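Student: First to last, the sequence lines map onto chains H and B.
Note that this note's numbering has the first sequence beginning at 1, numbered continuously upward.
Note that this note's numbering has the second sequence beginning at 1001, numbered continuously upward.
Simulated from the structure, these hints should not be mistaken for lab results.
Quick caveat: nothing in here was measured; it's all calculated off a predicted structure.
Hints should not be assumed to be uniformly reliable.
Chain B stretches covered by chain H per the calculated footprint, using a threshold of three residues with CB under 8 Å from any CB of chain H [as the list claims (entries may be wrong)]:
hint, segment
1, 1032-1044
2, 1125-1132
3, 1159-1172
4, 1175-1185
5, 1259-1270
We put the beta carbon where it would ideally sit given N, CA and C, even for glycine.
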Amino acid sequence: MEMLASNTTATAVRPQARREGLPAALLLAPFALVFLLFFLAPAAQTFYLSLTESSLTRTSGFVGLANYATLVQDPSFWASLGTTFYFALLTVIPLTALGLVMALLVHRFVRVQGWLQGAFFLPYVLPISVMTLIADWMLQPSSGVINHLVGGQRAWLSDVHWALPVVAIGTVWWTVGFNMLMLLAGLRNIPAELYEAAALDGARGFTLFRAITWPALKPVVGTALLLQLIASLKVFGQTYILTSGGPYNTSRVTLHYMYETAFTQSDAGYAAAVAMAFMFVVIALSLLARALAKRAA
Amino acid sequence: MKGRSQLGWTIVAIAAAVLLAALWAFPLLWAASTALRPEHETVSSVFHWLPQTWTLDAFRKTLVAGNMPRWLFNSALVSLLVTLVTMALSLGAAYAFSQLRFRGRGILFGLAMLAFLLPFEALLVPLFRTMHQLGLINSYAGLVLPQVVSPVVIYVFKQFFDAIPADFREAAVMDGANPLRILWSVYLPISGNIVWAMAIVTFIGAWNNFLWPFIIVTSNDMMTIPLGLTQTYDAFGVRYAQLMAAALLGALPVALAYIAFQRRVTQGFLAASGLKG
């Protein structure tokens, strides 16, 4: 009986396959075209450009791996990578931990959850420059509200030690809502029966969190950390707008360095090599983080 | 004993909720408090939490002096086009990947999903060169086109179509309807929620996109809000009431969209994120 059933579906599918080829092509063609033009071709071109000494608008001079040879000895590149990692260090764990705290609070105070969730999530839907404009005003040395509260006239954004941490704090305010949302969804997926059963056993408060919430939420926390790591490595706008990479390039991240190389110095070949290295780092770190998460789970 | 520690936790949680909500609301409230005062009060040597004189002057000047109306128009147009085109392309592609049998389906889908792995940022240089060759620098087409490649949306729609029971489609196939018709009259009507959610999220994403307009636009008249707002120092000088008015005006459309469609927005952002787990 089963054999017969699978046989009929097989014969039923075959003539259809021919009939569906044309509609499939029609439906896919528009996407395929933009995908090819604005994704696949640029991806291949990035690699090709990295082997040339092209300028921003003209392709020329195949130079083999020369750009990469320069790259590994370029202190500016390594410094920008270090700055990027430092930014990730300042943001990944704080953003995930704070997102978790916010999610737990929203989950707990059911009666005000709409307001609470709104307050935490709203900044995430705002354009980056709204955040940077407000941050710049709050951090203004002489009449900014931050200096009014802490005293003194510190120029936070041109301070070698403070510039990047301050940008990181602005980023936490701006984007933590997304992590809150993911973790909140994770919390809501935990079956209520689990809590009821544990409560019957006398578990309360923090014990309940440790016995039920945390084990069930761990995979979601892992995902949040991974997505946050990738997002943090791609930092550019915040530092570019708030500090222009300064003071003394101490907040110039890798994408900023790539941008300057391509668009200020018109060295597209070398910028493409920086882009390839950046891509490699992002992909390698996300695969590594995923492998670590799997082993921990 | 147990009751007391329970109470302790409740107090800590309430304190944390109040403190965090206040901290998160403060920057926008402070921007509003600044935007509603006359310019001289922002640099006054005496600090005030609230305006001494309440005025809409800064908002009025912002709308007249700068290029704000033009940037708002550009942002609205570009975001709308990006959303419409992305929805149309992605629904078609997702339906084909989910419901139609054709050669190379697996490879093509894998290729499209490759876009998740490669960061868009790494493609900026060749993308700029492509746009330059096509003569699309400082154009709406140049602003819109690269933003419509959105594998996330295709992935979400495909998941949704995959989960629809086959009977739905088979009944229509029996009636002799062609695949395009089935997508239009059988699948779309039951996909309303997810299409809305992804459309709103795509719109917000396009409205907020800074990086691509920053690369492709050099003319002040073609700027979108996120990019234009970074030029306000040049337009207004260091006038903080006006700068905050500009920031709030730029925030308003997306903030309203979020408040009006809160559930759809959160649903959309979650659908778009759940896949990389």
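Student: Taking the hints in turn, state whether each one holds.
Tutor: Going through the hints against the structure:
For the segment 1032-1044 of chain B, the proposed coverage by chain H is satisfied: 4 residues have a C-beta within less than 8 Å of a C-beta in that chain, meeting the threshold of three. Residue count for the segment 1125-1132 of chain B with a Cβ under 8 Å from a Cβ of chain H: 7. That meets the three needed, and the coverage hint holds. Using a Cβ-Cβ cut-off of 8 Å, 0 residues of the segment 1159-1172 of chain B lie near chain H, which falls short of the minimum of three, so the contact claim is violated. Counting residues of the segment 1175-1185 of chain B whose beta carbon lies closer than 8 Å to any beta carbon of chain H gives 4, which reaches the threshold of three, so the coverage claim holds.
With 6 residues having a Cβ less than 8 Å from any Cβ of chain H, the segment 1259-1270 of chain B passes the three-residue criterion, so the hint holds.
Consistency with the previously given hints fails for number 3 only.
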